[in-house]
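Listed here are the chains, written in short residue letters.
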Amino acid sequence: GNSVTQMEGPVTLSEEAFLTINCTYTATGYPSLFWYVQYPGEGLQLLLKATKADDKGSNKGFEATYRKETTSFHLEKGSVQVSDSAVYFCALSPQTGANNLFFGTGTRLTVIP
Amino acid sequence: EPEVTQTPSHQVTQMGQEVILRCVPISNHLYFYWYRQILGQKVEFLVSFYNNEISEKSEIFDDQFSVERPDGSNFTLKIRSTKLEDSAMYFCASRWTSDTGELFFGEGSRLTVL
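As you go down the protein sequences, you meet chains G and E in turn.
The end of the first sequence is residue 113 by the numbering used here, with every number in the run present.
The end of the second sequence is residue 1114 by the numbering used here, with every number in the run present.
One chain only, chain G, in its complex shape:
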């Protein structure tokens, strides 16, 4: 089946610290992988995506590499800011155009000055 396992939170970091949020997946076929972010009081927003193995998605200083051999899509940022405080969701789509996204539980990140 299809599922996403995401690092449990919450995560609290000091400003400028390095961030890693782990995400692993199981899927049939060749899924696309996503990170969504939810800032306080807002909807989920697409942060980055990768559609095939070894692709690297990046946006706003965040990166994640689609690793088929380890079935992982870990989110990283070299230097977090207070404004990065949010809930981060890893998700997969079993195939391009599929209606259904499978999400992880979400990881709450708090960055303190």
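Keep in mind that the hints are not guaranteed to be accurate.
Here are the simulated DMTMM-like cross-link-like pairs (lysine to aspartate or glutamate), alpha carbons at most 20 angstroms apart as the crow flies [to be verified]:
| id | chain 1 | residue 1 | chain 2 | residue 2 |
| --- | --- | --- | --- | --- |
| 1 | E | Lys1042 | G | Glu42 |
| 2 | E | Lys1078 | E | Glu1001 |
| 3 | E | Lys1042 | G | Glu8 |
| 4 | E | Lys1078 | E | Glu1044 |
| 5 | G | Lys56 | E | Glu1102 |
| 6 | G | Lys49 | E | Glu1056 |
| 7 | E | Lys1057 | E | Asp1086 |
| 8 | G | Lys60 | E | Glu1102 |
| 9 | E | Lys1042 | E | Glu1053 |
| 10 | G | Lys60 | E | Glu1001 |
Incomplete in silico selection of chain E near chain G, CB under 10 angstroms [as the list claims (entries may be wrong)]:
| id | residue |
| --- | --- |
| 11 | Gln1006 |
| 12 | Val1043 |
| 13 | Phe1045 |
| 14 | Phe1105 |
Quick caveat, the hints were computed from the structure, so don't treat them as lab data.
By construction, the Cβ of each residue, glycine as well, lies at the ideal position given by its N, Cα and C atoms.
Fit chain E to the supplied structure of chain G, relying on the hints for placement.
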């Protein structure tokens, strides 16, 4: 910037009551979705809707649930007779194309069933 809007942001209801959650998708989008997240659990797919009919639904989406696009702008989720376990955050989403088009989510409606 266009956005998906949801109302109400929070609704408290008694078990057995009907609830309607409303969503206004982005205006030129064609595909519409409902997801939910029970507290502490994963965000789960409920249903997708295209061309005025359900295109896919999960096993969660039983006969107590229905969706409608009554007027070309609103997209509603109705729960006919709420149960305690329906308490969750419900997210509406839309996108323009079913291919790699990004899914745009609303900020969610929190439903509390007492």
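Hint by hint, here is what the structure shows:
The straight-line distance between the Cα atoms of Lys1042 of chain E and Glu42 of chain G is roughly 18 angstroms, inside the 20 angstroms bound, and the hint therefore holds. Taking the CA atoms of Lys1078 of chain E and Glu1001 of chain E, the gap is near 28 angstroms; set against the 20 angstroms cutoff, the hint is violated. Restraint check for Lys1042 of chain E and Glu8 of chain G: satisfied, since their Cα atoms lie roughly 11 angstroms apart, inside the 20 angstroms limit. Between the alpha carbons of Lys1078 of chain E and Glu1044 of chain E the distance comes to roughly 17 angstroms, so the proposed pair stays at or under 20 angstroms and holds.
Straight-line distance between C-alpha atoms of Lys56 of chain G and Glu1102 of chain E comes to about 17 angstroms, which keeps the hinted pair within the 20 angstroms bound. For the given pair, Lys49 of chain G sits about 23 angstroms from Glu1056 of chain E by alpha-carbon distance, which is inconsistent with the 20 angstroms threshold. Taking the CA atoms of Lys1057 of chain E and Asp1086 of chain E, the gap is near 16 angstroms; set against the 20 angstroms cutoff, the hint holds. For the given pair, Lys60 of chain G sits about 17 angstroms from Glu1102 of chain E by alpha-carbon distance, which is consistent with the 20 angstroms threshold.
Taking the CA atoms of Lys1042 of chain E and Glu1053 of chain E, the gap is near 26 angstroms; set against the 20 angstroms cutoff, the hint is violated. Distance restraint check for Lys60 of chain G and Glu1001 of chain E: the Cα-Cα separation of roughly 18 angstroms lies within the 20 angstroms cut-off, and the hinted pair is therefore satisfied. Evaluation of the Gln1006 of chain E hint against chain G yields a held restraint, the C-beta minimum of about 8 angstroms falling below 10 angstroms. Below 10 angstroms, beta-carbon pairs count as interface contacts, and Val1043 of chain E has one with chain G at about 4 angstroms; its hint therefore holds.
With a least beta-carbon distance of about 5 angstroms to chain G, the hint placing Phe1045 of chain E at the interface is held under the 10 angstroms criterion. Checking Phe1105 of chain E against chain G: minimum C-beta separation of about 4 angstroms stays under 10 angstroms; hint holds.
The earlier numbered hints that this structure contradicts are 2, 6 and 9.
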